[in-house]
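Given these sequences and hints, build the entire structure.
2 protein chains.
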Amino acid sequence: MAQTSRAIIENDQYNTSSERHLHFFNKGETIPLMPQGIWQICQGLVRLSTLYSVGEEGLLGWGGPSMCFGSCFSHLQTYRANALSDVCLMWYTMIEIEASPKLAQELLPQLGRRFRQTEALLAIVGQRRVEDRLHQLLLLLKQEFGQPVTDGTRLSIRLTHQDIAGAICTTRVTVTRILGKLQQQGWLSRDKDRHLILKNEAFAYSSDLFGFVSNNNH
Amino acid sequence: MAQTSRAIIENDQYNTSSERHLHFFNKGETIPLMPQGIWQICQGLVRLSTLYSVGEEGLLGWGGPSMCFGSCFSHLQTYRANALSDVCLMWYTMIEIEASPKLAQELLPQLGRRFRQTEALLAIVGQRRVEDRLHQLLLLLKQEFGQPVTDGTRLSIRLTHQDIAGAICTTRVTVTRILGKLQQQGWLSRDKDRHLILKNEAFAYSSDLFGFVSNNNH
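As they're listed, the protein sequences go chains A and B. Each step along the first sequence adds one to the number in my numbering, with nothing skipped, and position 141 is 141. Each step along the second sequence adds one to the number in my numbering, with nothing skipped, and position 19 is 19.
Simulated from the structure, these hints should not be mistaken for laboratory data. Predicted, not measured: the structure shown is a model, and the values here were computed from it. Built from N, CA and C at the ideal position, the CB exists for glycine as well. Hints are not guaranteed to be accurate.
[What the hints assert, rightly or not] Among chain A residues calculated to face chain B with C-beta under 8 Å, some are: (1) His75; (2) Arg158; (3) Gly186; (4) Trp187.
[To be verified] Examples of chain B residues lying across from chain A (beta carbon under 7 Å, computed): (5) Gly64; (6) Gln77; (7) Arg116; (8) Glu119; (9) Leu122; (10) Asp208.
Given below as structure tokens:
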């Protein structure tokens, strides 16, 4: 993380609660997950996954600013969090949370956001057609991580075809084929940093599955 | 719900908070889901699902005592809750929750429980082999809804083969085949009310996927 933005966050944080430390991780780093508490994201993006006994990885979702994650609210034995960008996190122990109604009040809507995303992913993978699963995943990501650009919405999270395949329970080859088709049809493109851009006209309609209206301003 | 147990719950409730009403639904009833708040289960079991545009249903999970559910913490357009038994519920509006740190403190661990179940279901469906998915689902249900009986653990939730198929993204026919095999091997049975009994020796080991040790006392 650039020293300037780190300084800004540290300063902001100092003003609101001088006792709580911030934790910084560089892009690509694995974030340690201790069982006694949860992380809240102050800045940056995180990828969450689990590891199956056969050695394969199961994608569980993505976290952005103010979302929380951690093994405290999880049954999973292996839980992995990777920094997709430089990230800045805040750590809360369950003892602190249980003791502070004010903290619980701050964290409840954030856990609600994580729940909403996880439930949406579960609803997505239950769909029969892989094309529907991919379309709904892109709508969900647009809602959660979309930034308006000139001709559409840019996903601030950079996804590999393998990640998308993991999220919608299909193979990388299938994802490559369908994304290629959507790109040919002019429904999406990639910018110079390999982030997906979803074109307005193709992703402007409200989703069948989700209640949010998928518009340009998400 | 029997009048006696209803009277007991109403009386208990009266002692703790005389202002909050309890809501009762009979087995088989659809529970209305208003967007402004969430339900908390006081007694009974609830089945949660969504409806896809093709007319199929996507299973999202099950709720038991003290768990909460509702469309307030959901992106889903269609959200269905069905009473699997007679149920007694408490309703909280988001305005109330946002205004009361004490209520948020009570609800945070319960939303955590719902999150944990949903994330576990997502991790289960990501597994390649359908046998693994079914085995892990039974372990999860044992943890969440298991009651110790003489020779194993009884699932207090009665599941149809179609429900299991929906939860692990496979067909009813496949579920019937695998359950039949497990029954032949003596790993599970059904009691007279058609509830599954998981035999101790077959489901005594800790799960690969989950951190909980799957023992007789869950």
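Verification of the hints:
1. The closest approach between the C-beta of His75 of chain A and any C-beta of chain B is roughly 5 Å, which is under the 8 Å cut-off, so the hint is satisfied.
2. Proximity of Arg158 of chain A to chain B is violated relative to the hint, the smallest CB-CB distance being about 21 Å (cut-off 8 Å).
3. Contact between Gly186 of chain A and chain B, as hinted, is not supported at the beta carbon level, the nearest pair being about 24 Å apart and thus beyond 8 Å.
4. The interface hint given for Trp187 of chain A is broken, as the beta carbon of that residue sits about 19 Å from the closest beta carbon of chain B, more than 8 Å.
5. Restraint check, Gly64 of chain B versus chain A: the minimum CB separation of about 15 Å is more than 7 Å; hint violated.
6. Contact between Gln77 of chain B and chain A, as hinted, is supported at the beta carbon level, the nearest pair being about 4 Å apart and thus within 7 Å.
7. At a threshold of 7 Å, the smallest CB-CB gap from Arg116 of chain B to chain A is about 5 Å, leaving the interface hint in force.
8. At its closest, the beta carbon of Glu119 of chain B sits 5 Å from a beta carbon of chain A; the interface hint therefore holds under the 7 Å criterion.
9. Residue-level restraint check for Leu122 of chain B holds (minimum Cβ-Cβ distance to chain A is 5 Å; threshold 7 Å).
10. Annotation: interface hint on Asp208 of chain B holds; nearest CB of chain A at approximately 4 Å, less than 7 Å.
Hint compliance for this structure: hints 2, 3, 4 and 5 are broken, all remaining hints hold.
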